[in-house]
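Chemist: If you're matching them up, the sequences are chains A and B in order.
When we follow the numbering used here, the leftmost residue of the first sequence carries the number 1, and every step to the right adds one.
When we follow the numbering used here, the leftmost residue of the second sequence carries the number 1001, and every step to the right adds one.
Any given hint might turn out to be false.
Stated by the list, open to error - No more than 27 Å apart at the CA atoms, straight line, and that leaves these computed lysine-lysine pairs for BS3-like: (1) A:K214 x A:K194; (2) B:K1218 x A:K107; (3) A:K312 x A:K214; (4) A:K312 x B:K1208; (5) B:K1182 x B:K1081; (6) B:K1260 x B:K1250; (7) A:K108 x B:K1452; (8) B:K1218 x A:K312; (9) A:K287 x B:K1208; (10) B:K1208 x B:K1151; (11) B:K1322 x A:K312; (12) A:K166 x A:K194; (13) B:K1081 x B:K1224; (14) A:K239 x B:K1208; (15) A:K98 x B:K1446; (16) A:K107 x B:K1452; (17) B:K1446 x A:K108.
Worth flagging that the hints you see were computed from the coordinates, not collected in a lab.
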Amino acid sequence: MMDILNALTVLINFTVIPALTYGSQLALGAIFVTLIYAVLRFANFATGDMMSFGTMFAVLLTYYFQTIGINFGFLPTALLTIPFAIIAMIIYMLLIDKFVFSYYRIKKSPPVQFAMVSVGVMFVTQAIIRIIIGPSDRRFIDGEKFILKANEFKEITGLNEGITLKSSQAITVILTLIIVSIMFWFLNKTKTGKSMRAYSDNEDLALLSGIDPKKVVMITWIIAGILATIGGVLYGLDKSYRPFVYFNNMLPIFAAAIVGGIGNPFGAFLGGYVIAFAEIFLTYAYKRFMSYLLPESLEPDSLLQLLSTDYKFAISFSILVIVLLVRPSGIFKGKTL
Amino acid sequence: MRNYSNVIAAYSIMLILIILVGIFQSWSIALTIMNYCLISAVMTIGANIQWGYAGLINFGIMGYTALGGLAVVLVSVDPVKKAWQVGGLNILACILIIVAMVITVRYLLNHFKKSKIRNYSIALIVIGGILVLNVTATPGIEAIEAIDPAKTGFLGGLGMPVLFSWIVGGLFAAGLAFVIGKIALGLRADYLAIATLLIAEIVVSIIKHEEWLARGVKNVIGLKRPAPYEIDLQTSDWFINLVEKFHSKKLSLISSATEKQEALNQMVIEASSVYVKLCFTGLFLTVVVILLIVTQKALYSPWGRKMRAIRDNEEAASAMGKNIVKEHLLIFVLGSAVVGLAGAMMVTNDGLFTPGSYRPMRYTFVIWVMVIVGGTGNNFGAILGGFVVWFLWVEAAPIALFLINLFTSHMPETHALRVHLIESASYFRFLVIGIGLLMIMRYRPKGIIPEKIIKQ
């Protein structure tokens, strides 16, 4: 019995908690991609860099707050800066929309052209970020680092293995759940949310019933800005802030959005966790886990790792390819809000 | 002739710009830029075949480039005999297992009806195959990687001439494109873009982490060259004499013999690097010209017209009895092969293969910007795009530095803003490229040299 509990503890500590955290971060990004896809109808290749842009403000403001002595008790100061970062992000997004995307929307350009334009936005955003903050690696988490340390857990339960819970992990999961539930409530229950869904479902019909397209587009960018900034800050708190990494994160985020059915926010939400769990479960070395479950004579010599951690990204992309082959519309039917 | 006046003007401006770099910076830099422009031009020809002729969006250019580079290593490097002795059998067995897996899966797909049992058995074969592969490969890979890991630790290549590897690079890329095309070409445009982007990422991560294949992130250096080496040139008499003749006027101004010898040595070193680069330029120029003639002929042949018809109206072309799936696959393979060739050319030019340097920004998105800026569907435009964008990509930093110094000259040397801006001068290239792309897409959506359709 003790062995089984020990084995489970190992599994939770090294796979479930990191996967939940990483999945939440991906989920926020994937909902961002999916929202833009559903309402504005294009694949936004500037996703990663937009998240990075919002995070940049949070990082800079955190440094500023630290110098003037404001802090958030045991929570990271970055959480205090999120509202300001969101405002900056939304202003940037609305400016981009006004000067870049709206022209093509009015012209009703094909989605491919939108995607190419978003590549241009990606270049510009990346340049602005690197010119302002530079490409280096930054850690900006402060306050209490751990909620639960492995030693404390061992003392409380008397097990051989411990569970470590970083505060950034707990904050990520809780904040994600709050934000996502508010968003779903907004989309399903409020009038504005319903008008967004109607617009995404059938643009012409929505226009006929008196929905203002400008307002829908604006609300979409505002929600997108909130999601992008929070997703980015949470990722930065948990790992670290580095512009190049954010650009690369675009790829698993796309994978999550498509796996969940692009255009479907709930699918994107779950898609994030599917990708995260697959990545971590397939690259985890099960040696320690099995050593508790198997009798000593059978104890494995090798690491019992299905794939080396180098292939972490490749796994999510392979899942994507399989989903595209077997069920192109994603696990949950996509293309409507 | 009038039709071509804008083409000629654009290319002359480009040439003058490169010559200006030669005068203001150095001829060595100018030739480096020129060589990379030519390589980029080959890549854009490939991308233009897919996007401009057939409207296929392929964000996987990085993957084909990397495969082309891999081909150079696998063909031109001398084989590591010891590695073959200890692990060659395992690797060959693995290849056989993979082939067997593919054949059985294909057999199942073709000879049985779609059912749950079929799906499960395919999944079982794939998973079982991967497990067997793991067991067979691991000892071999470990043995190979243990052999002199600082220098080799990989199987090496075939020891063949490097020019041959350019063709192999094209074939490798074509093979990959065939597989991807079979999987992904049925997808809608933006799905296809994302899928190819991610598949390219998988390809690069395999090349990066399978060290027995091409040393992975440990890089392969000192690859063969189709051009002479600088060291050999510097010691050969004919070359020194040539340099002496070339610079005879300058040399005659110097009176003392020792100084003359020193000046000559300096000139020989400089001239040798320029000479090697000129050799590469000649080679690349030949490739670009051949490709340009072939693609231009293809574009205005019945086949090219068919491609345009498919691009502009798939349903109508399909109604006329054109096999769209087949044609799309063909053009996907052809375009990718050209990109693979460019990848091999690039690695040959650098003389080293660095899998860690393959990033989507540089090898996919910049190439796409080149095609869009230059002119989709027009080969002259695509090549010009390669030149213009690569030139900006390289020269943006020095130009930005110059402008920053100009505008901040009233500030003191240590002013925080000035120091910060000067430090980040190299990132202005992203800004230039991004704004350039947005401007072109907005005000000249068909590119600098738009597509021209000759009506017959």
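Chemist: Hint by hint, say whether it matches the structure.
Modeler: Here is how each hint holds up against the structure:
1. A:K214 x A:K194: holds (15 Å)
2. B:K1218 x A:K107: violated (50 Å)
3. A:K312 x A:K214: violated (40 Å)
4. A:K312 x B:K1208: With a Cα-Cα distance of about 13 Å, the restraint between K312 (chain A) and K1208 (chain B) holds, given a limit of 27 Å.
5. B:K1182 x B:K1081: Not OK: K1182 (chain B) and K1081 (chain B) at ~37 Å, beyond 27 Å, violated.
6. B:K1260 x B:K1250: holds (10 Å)
7. A:K108 x B:K1452: holds (24 Å)
8. B:K1218 x A:K312: holds (20 Å)
9. A:K287 x B:K1208: holds (26 Å)
10. B:K1208 x B:K1151: Given that 27 Å is the threshold and the Cα spacing comes to 17 Å, the pair holds.
11. B:K1322 x A:K312: With Cα atoms ~42 Å apart, K1322 (chain B) and K312 (chain A) exceed 27 Å; violated.
12. A:K166 x A:K194: violated (38 Å)
13. B:K1081 x B:K1224: OK: K1081 (chain B) and K1224 (chain B) at ~18 Å, within 27 Å.
14. A:K239 x B:K1208: Holds. K239 (chain A) to K1208 (chain B) sits at ~23 Å (cutoff 27 Å).
15. A:K98 x B:K1446: OK: K98 (chain A) and K1446 (chain B) at ~22 Å, within 27 Å.
16. A:K107 x B:K1452: Judged against 27 Å, a Cα distance of about 23 Å means the pair holds.
17. B:K1446 x A:K108: holds (17 Å)
The structure is inconsistent with the numbered hints 2, 3, 5, 11 and 12, although it conforms to all the rest.
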